[in-house]
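> One letter stands for each residue in the lines below.
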Amino acid sequence: MFATGFLVLAACLLAQAIVGDEVWNLSAWRRYFFPGFGFVMGLAMWGVAVLSGGSTIHLLAHCTWAQVMMLAGGAHLGLARGKLQHRFWRLTMPLALGVSGLAFISHEENGWLHSRSALVHHICGWTLVVGALFPLGAAFRPRSRFFRLGFAATFVVLAITLFALRDSGPVLGNISSTGRGDERR
Amino acid sequence: MLSPVGRALTSDRRCLSRSRRRAAIAAIGPLVVLAGILWALAQPERLLLLDPDAHGFWSLAVEPPLLVLVAGVFFQGFIASGLLRDLERSELG
Chain A
15 MFATGFLVLA
25 ACLLAQAIVG
35 DEVWNLSAWR
45 RYFFPGFGFV
55 MGLAMWGVAV
65 LSGGSTIHLL
75 AHCTWAQVMM
85 LAGGAHLGLA
95 RGKLQHRFWR
105 LTMPLALGVS
115 GLAFISHEEN
125 GWLHSRSALV
135 HHICGWTLVV
145 GALFPLGAAF
155 RPRSRFFRLG
165 FAATFVVLAI
175 TLFALRDSGP
185 VLGNISSTGR
195 GDERR
Chain U
540 MLSPVGRALT
550 SDRRCLSRSR
560 RRAAIAAIGP
570 LVVLAGILWA
580 LAQPERLLLL
590 DPDAHGFWSL
600 AVEPPLLVLV
610 AGVFFQGFIA
620 SGLLRDLERS
630 ELG
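Protein chains in written order, with my numbering: chain A, 15 to 199; chain U, 540 to 632.
These are calculated hints, taken from the structure and not from any lab test.
Keep in mind the model is a prediction, meaning the values are calculated, not measured.
Some hints here could point you the wrong way.
As the list claims (entries may be wrong) - Some chain A residues close to chain U (C-beta under 7 angstroms, calculated; not the full set): (1) THR18; (2) LEU21; (3) VAL22; (4) ALA29; (5) ILE32; (6) VAL33; (7) LEU40; (8) ALA42; (9) TYR46; (10) LEU179.
Ideal Cβ positions, reconstructed from N, Cα and C, are used throughout, including at glycine.
Required output: the full structure, derived from the provided sequences and hints.
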């Protein structure tokens with residue numbers, strides 16, 4: 015479900031990069047869609063933090079993640095509404111992506127090829143860390159199509175990676191879907 | 540000052556850019572739908588509806604290739620159509 019949300023979001027960001035802000039913002043709901051989605055995802059992340067039984071690092075990662083997503087969503091809602099004017103508020107988006115990526119990487123204690131879940135966590139983490147460079151560039155060059163398309167591509171990669179999480183076949187032909195140690199048990 | 544030929548060339552380029560933008564927006568939804576269909580054909584084992592007795596409710600409710608297809612239909616129906624209308628209106632205005 016998260017993957018489907020990211021796919022729709024990626025399509026929207028791609029469309030926004032193609033038509034430009036002037037046309038995209040003609041409709042109010044389109045203007046608030048992306049920041050609103052980010053804010054709601056941040057709220058939902060609190061639920062994930064509380065309900066997912068895991069270690070302290072899991073709890074800390076999810077709580078930090080929830081806070082930065084809400085901050086970025088709220089700041090961009092303010093920017094869309096016109097209540098916030100300073101361009102530095104746009105830096106909340108690369109911050110959210112960077113912290114989300116680090117949260118993904120830090121709460122996966124296994125190596126890249128341990129299991130499908132570990133591989134997906136590492137790919138998502140590094141995609142978000144690298145993807146944070148696009149909104150960072152867009153904060154200083156808001157009209158750059160390269161940064162906007164890169165931002166949209168980040169969400170396409172995230173969606174594809176998350177869709178792969180539920181596949182039960184072998185990963186890359188030789189890595190099993192479950193952890194290596196788990197198979198022997 | 541642009542000559543009449545220069546003006547015509549500039550106008551042609553603008554028209555081409557507009558039609559490309561319209562085509563790109565109109566293509567996103569169908570491309571996503573096509574990706575979902577190709578995925579379903581390439582990995583039919585991920586369509587658990589084909590073997591409903593072996594799976595629980597959530598596995599049957601969340602079918603990844605169908606979700607991709609639904610995402611494409613949603614984008615085309617609820618976002619692309621309005622966006623194309625606004626794009627046309629802004630170009631006319």
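> Hint by hint, say whether it matches the structure.
Hint check:
1. THR18: Result: holds, 4 angstroms to nearest chain U Cβ.
2. LEU21: Because about 5 angstroms separates LEU21(A) from the closest Cβ in chain U, which is inside the 7 angstroms limit, the hint holds.
3. VAL22: holds, 5 angstroms
4. ALA29: holds, 6 angstroms
5. ILE32: The hint holds - ILE32(A) has a Cβ within 7 angstroms of chain U, the shortest such distance being about 5 angstroms.
6. VAL33: holds, 6 angstroms
7. LEU40: holds, 4 angstroms
8. ALA42: Status violated, d = 11 angstroms.
9. TYR46: violated, 13 angstroms
10. LEU179: With Cβ-Cβ at 9 angstroms, over 7 angstroms, it is violated.
The structure fails hints 8, 9, 10 (numbered hints given earlier, in ascending order).
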